[in-house]
Amino acid sequence: MRTRAFFMFMLVVAATLPLATPSAAHHSFAAEYDADRPVSLTGSVTKMAWINPHSWIYIDVKKPDGAVENWAVEAGPPGTLIRAGFTRDSLAAGTVIKVNGYRAKDGALRANGRDITLPDGRLLFVGGSGPGSSGPGAPPKDPPGEKKK
Amino acid sequence: MRQKKFSFVVASVVLASLLGLISVKAHAQTSPATQTAPQPSEKPYDWKASFAKYPTGKVPRTRDGKPDLQGIWSRSILTPLQRLSAQHKTEISEAEAREDEDIAQQASIDLRVEPTATPPGEKTTDAYNSFWRDGYWYKVPMTSLHTSQVVDPPDGRVPPLTPAARERGQGAYERLNRPATGPEDRPLSSRCVRPVGVGPPFTGSGPGGQESTFQIVQSRDVVVVRPEAHESQMIYLDGRARPAENVRLYKGVARGHWEGDTLVVDYTNFKDWGIEAFAAYGTTQKVHLTERWKRLDEDHLLYGFTIEDPGTWTKPWSIEFVMWRLTDQEQLVEYACHEGNVGLEFTLSAARAKEKEQENESGDHR
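Here the protein sequences line up with chains A and B, keeping their order. Residue numbers for the first sequence follow the working numbering, beginning at 5 and rising by one. Residue numbers for the second sequence follow the working numbering, beginning at 6 and rising by one.
Just chain B, same shape as in the assembly:
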């Protein structure tokens, strides 16, 4: 229990360390140190050499001899996005990995009843307990021994945000929680425009993840990535032209090709705020993304990306992590986000009720 109390006190700092998804403030605090430290001469990231280090087994193939990526896959893994600190070790042992899986599940179990995100003595800010999240009913696996998904920069840390991105991230929490003036005043995720976990790109979701699965369907000319929460991403391999530059999509435009046994996907034509994984501060339409997919064996899929967006990060960065296959699920359950999104309606009704209450209090009975 004492450990839990302490946890809440340092939560924001550790959050920045492990997730790198929000904590814009923490970024701002840590970045000067990063910037003033002498920069080691870094070799450019060589994804081919890096991918070749992962052991492979028997890989299923399609009729045209390409690796068969099809299946239902989970990105629910324990490896954090960022290394704890640049000085932290880069790998753990197999025994430590198994131990971490046990610890993480026990933490999910211990947090079932507690107001999970609420500092002691403060009001709750979170709606659901760990019962409804990955990691309670089954162990979230540590699928590699790396201590971060980020492999480049070599310190395992997401590069600092640009001042513009920091500014976009300011007040995100307040914007999310204030009474909504209308549907447009809600984040894209609340409106089912960019629901959670839809990619591209994907990051490994931790033990508290929810929409962490997706399906791949593949033919010679197109690979379809269908996230649990929303519309499919069509990755065309047939060499077709991209749409004009003024055509902008939240999910970008994907064109793929095979390099050996790895599917390499190049994304362009993103819209501002398109990348859901970094919705806390948003990305710009200058973002360029390259994804790499390599099936390692029957049940494991190596995934990586390199992302650059001069409007968001001070330099490009890359991640790698290993996804695992759900062996007993034949198809995804239809998500139907809009159809069931009564939360949006009730958020608006709550805001209107609050207004009425304030009108009554001020004696204004128009």
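Same shape as in the complex, but just chain A:
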């Protein structure tokens, strides 16, 4: 049982390695973002672009001096979320979100969004329309619970 659990776990890890699967190799993280410049942003959503191959979330971030910067945050492809039952209205403008990611190498106000949550730690999208997909792997009615670290 432990061996099987391990290999299932590895299957999930493996799928995220660049070039391990075609899906992970669409484009290169290292060629676009700087692993030495992590950013943590909290801001109000101005829009979400549900576009392929990756979606983009735009947020207004207030700087300590009061000036506002509009950041573009790259996220995953929208297909998975659509399959999970979310719609383009699931993230309303004005929603405040917290983004942990890495800054673009060209210095623009752009970051990849490795981890995007609501400021209280709840998951993005949850709270509006919830998942409602069917199929053999029907999703949980409630958002998946995460183990405490």
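Hint data in this document are derived by calculation from the structure and do not stem from the laboratory. Each residue gets a CB set at the ideal place from its N, CA and C atoms; glycine is no exception. Do not rely on the hints blindly, as some may be mistaken.
Examples of chain B residues toward chain A, derived with CB under 8 Å [said to hold, decoys possible]:
hint: 1; residue: Leu116
hint: 2; residue: Arg138
hint: 3; residue: Gly213
Derived list of chain A stretches under chain B, where covered just means 3 residues or more per stretch with a C-beta under 8 Å from a C-beta of chain B [unchecked claim]:
hint: 4; segment: 33-44
hint: 5; segment: 55-64
hint: 6; segment: 72-84
hint: 7; segment: 106-116
Assemble chain B onto chain A, guided by the hints.
Then chain B, alone, in the frame of chain A:
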């Protein structure tokens, strides 16, 4: 957590075992053992006998009496491409399959915040967490009890790569991550020429897959396979001639016919590097592919292929796996890869910024 650390250490080895898509090095390491082992006398793969073993239910039919393959289908399944090892068991139990589905989803959930592909203490190399991938919001199903999609060779393993293919795969990771000299310096997937998951052929994508769905539209004379990410594959059944041999397409030329209730599709005229599923080392234009499609019941579609390419693998090999139908999705969302592919632009701007930075550092202000 300790399990996770250990996982990263052995990741490359297990990757080779399960996916067989890259890990050219690991192939090189394991192939001598494979080659020196005494070869059991293998019966040739009999796809008809193999397909007949899958239970069938009520199969919808078109007006001309053929099985109706139409619908939106997912190839997001848990069965790995390759068996863990040639000695590993060939099947699991129903209970184990259900348990694996739970384990895989929990693994996706546990990996949401972690830099998923980053060994502890090293820099991240991956952009998105499991939140955006199949397997987080819904369970990826184990649609058969086989321990590999590969059914031939009987050991469930993709045959070793040829030396030429190994050479093509060398440095793939570096090529992907180095500053781009121009758009042509990026992989076909980054340029939306051959986006991910476009087939042919398809392989079952694991729990971390993304573009894992496609639609089939069917008439008497043509079956259209429309992947989520890109252009449609037209499979003509009307007996039309193939184009001349010098006409080469990344997606090949497809001609299909029915053998009983199975649609058999023969592909030729591929271009070098045409097969996206094996983009890590590429295929050659000598590749010959035969696909087989059989609807098992309302919600399941059996898929298989035999592929041979003397420029890539040391012998032909075949897979089978069961796809499942998305019951609540009526059409695919337009992918529009080129239109939204700002990642390519930003990859180039990052490379130019890096050059400028280096120029400034070296005092060269031309």
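Comparing the hints with the structure gives:
1. Hint on B:Leu116 holds. Least Cβ distance to chain A is approximately 6 Å, under the 8 Å limit.
2. A hinted interface residue such as B:Arg138 counts as satisfied when its beta carbon comes closer than 8 Å to some beta carbon of chain A; here the least separation is about 6 Å, so the hint holds.
3. For B:Gly213, the shortest C-beta to C-beta distance to chain A is roughly 2 Å, which falls under 8 Å, so the interface hint holds.
4. Counting residues of the segment 33-44 of chain A whose beta-carbon sits less than 8 Å from any beta-carbon of chain B gives 7, enough to reach three: the coverage restraint holds.
5. Only residues whose C-beta sits within less than 8 Å of a C-beta in chain B count toward coverage, and the segment 55-64 of chain A has 5 of them, enough to reach three; the restraint holds.
6. Beta-carbon proximity to chain B at under 8 Å applies to 7 residues in the segment 72-84 of chain A; the threshold of 3 is reached and the given coverage holds.
7. Counting residues of the segment 106-116 of chain A whose CB lies closer than 8 Å to any CB of chain B gives 8, which reaches the minimum of 3, so the coverage claim holds.
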